[in-house]
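**Q** If you're matching them up, the sequences are chains A and B in order.
Under this note's numbering, read the first sequence as residues -6 to 107, first letter to last.
Under this note's numbering, read the second sequence as residues 7 to 119, first letter to last.
Please keep in mind that the hints were generated in silico from the structure rather than gathered at the bench.
Where hints are given, some of them may not hold.
Straight-line C-alpha distance at most 35 Å; calculated DSBU-like pairs for lysine-lysine [unchecked claim]:
no.: 1; chain 1: A; residue 1: Lys50; chain 2: A; residue 2: Lys4
no.: 2; chain 1: B; residue 1: Lys76; chain 2: A; residue 2: Lys46
no.: 3; chain 1: A; residue 1: Lys63; chain 2: B; residue 2: Lys32
no.: 4; chain 1: B; residue 1: Lys76; chain 2: A; residue 2: Lys50
no.: 5; chain 1: B; residue 1: Lys75; chain 2: B; residue 2: Lys62
no.: 6; chain 1: B; residue 1: Lys62; chain 2: A; residue 2: Lys4
no.: 7; chain 1: B; residue 1: Lys106; chain 2: B; residue 2: Lys32
no.: 8; chain 1: A; residue 1: Lys63; chain 2: B; residue 2: Lys106
no.: 9; chain 1: A; residue 1: Lys4; chain 2: B; residue 2: Lys76
no.: 10; chain 1: B; residue 1: Lys106; chain 2: B; residue 2: Lys75
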Amino acid sequence: DAGITQSPRHKVTETGTPVTLRCHQTENHRYMYWYRQDPGHGLRLIHYSYGVKDTDKGEVSDGYSVSRSKTEDFLLTLESATSSQTSVYFCAIGRGRGLSTEAFFGQGTRLTVV
Amino acid sequence: SQQGEEDPQALSIQEGENATMNCSYKTSINNLQWYRQNSGRGLVHLILIRSNEREKHSGRLRVTLDTSKKSSSLLITASRAADTASYFCATDDSGGSNYKLTFGKGTLLTVNP
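With the hints as constraints, model all of the structure from the sequences given.
**A** Written out as C-alpha cells, the structure reads:
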C-alpha cells in the first residue's frame, strides 16, 4: 500500500458545474500525477507536480486545473464539467530513484458528467 | 500524443503458454517500465529497464529493450489465469523530465484456464 487516497471514489455531476477531485498521500513524495483512463485511449496524463506549487501540463490538460499547496495533497479541478470528461481518474505518486521514477497509483475516481 | 503504444491491443492464450506484448515509443528515454492493471484497479509496477540495458528478468517476466528501434517487449512465461489483466508500458523523457511518465493504451491479456 503506497498510502494514496483518492476522494471521492464515485461522483455524478451535472454539465457546467465545477468538480474537484482530491489525491492525498502519506509518504511525502515529491512527484504526483493525475491521469484519466478511457476505453481505446489507455492512460493519458492530465497534469503533474514536481513539488509544492510546482505543476505542469500533460497531454490532455484543457478544461482541467490543479493545485498543490501541500506536499501531501494534489487537487484536480474540472472548471466546468462536460460530458467528454466522464472518465476514470487516477492519481499517482512518483518515487524517484536517480534517473528513474516509479509510479504508485490510487484506486481511481469514477466521474460521470450528465 | 501518447509516448508509448502497445501491441497487440488484445491477446488471448491458454494457461501455460507464453505471452508477448510489445511497446513502441517516440522520444529518447532514460527508462521504460511495465505496469499491470487488474480490472477496475489502479496500475501496479512490474519491472523497469534502463536505457543502457538490453534485457531484464523478474520471475516469469522478461523485458527487452531496443533503443535503436525505440521498442520494448514484455514476455510472460508459463502464463496463469491470474495473469489476466491489462499491461501498459510507461516512458519518461530523457530530453525533458525523467519524472514525467506517459503511458500507452495497453494490451489486454486474457489467459484461459
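**Q** Please go over all the hints and tell whether each is borne out by the structure.
**A** Comparing the hints with the structure gives:
1. Lys50(A) with Lys4(A): 24 Å, holds
2. Lys76(B) with Lys46(A): 34 Å, holds
3. Lys63(A) with Lys32(B): With a Cα-Cα distance of about 34 Å, the restraint between Lys63(A) and Lys32(B) holds, given a limit of 35 Å.
4. Lys76(B) with Lys50(A): Holds. Lys76(B) to Lys50(A) sits at ~24 Å (cutoff 35 Å).
5. Lys75(B) with Lys62(B): 17 Å, holds
6. Lys62(B) with Lys4(A): Answer violated: Lys62(B) to Lys4(A) is near 41 Å, above 35 Å.
7. Lys106(B) with Lys32(B): 14 Å, holds
8. Lys63(A) with Lys106(B): 20 Å, holds
9. Lys4(A) with Lys76(B): 39 Å, violated
10. Lys106(B) with Lys75(B): Distance of about 22 Å is within 35 Å: holds.
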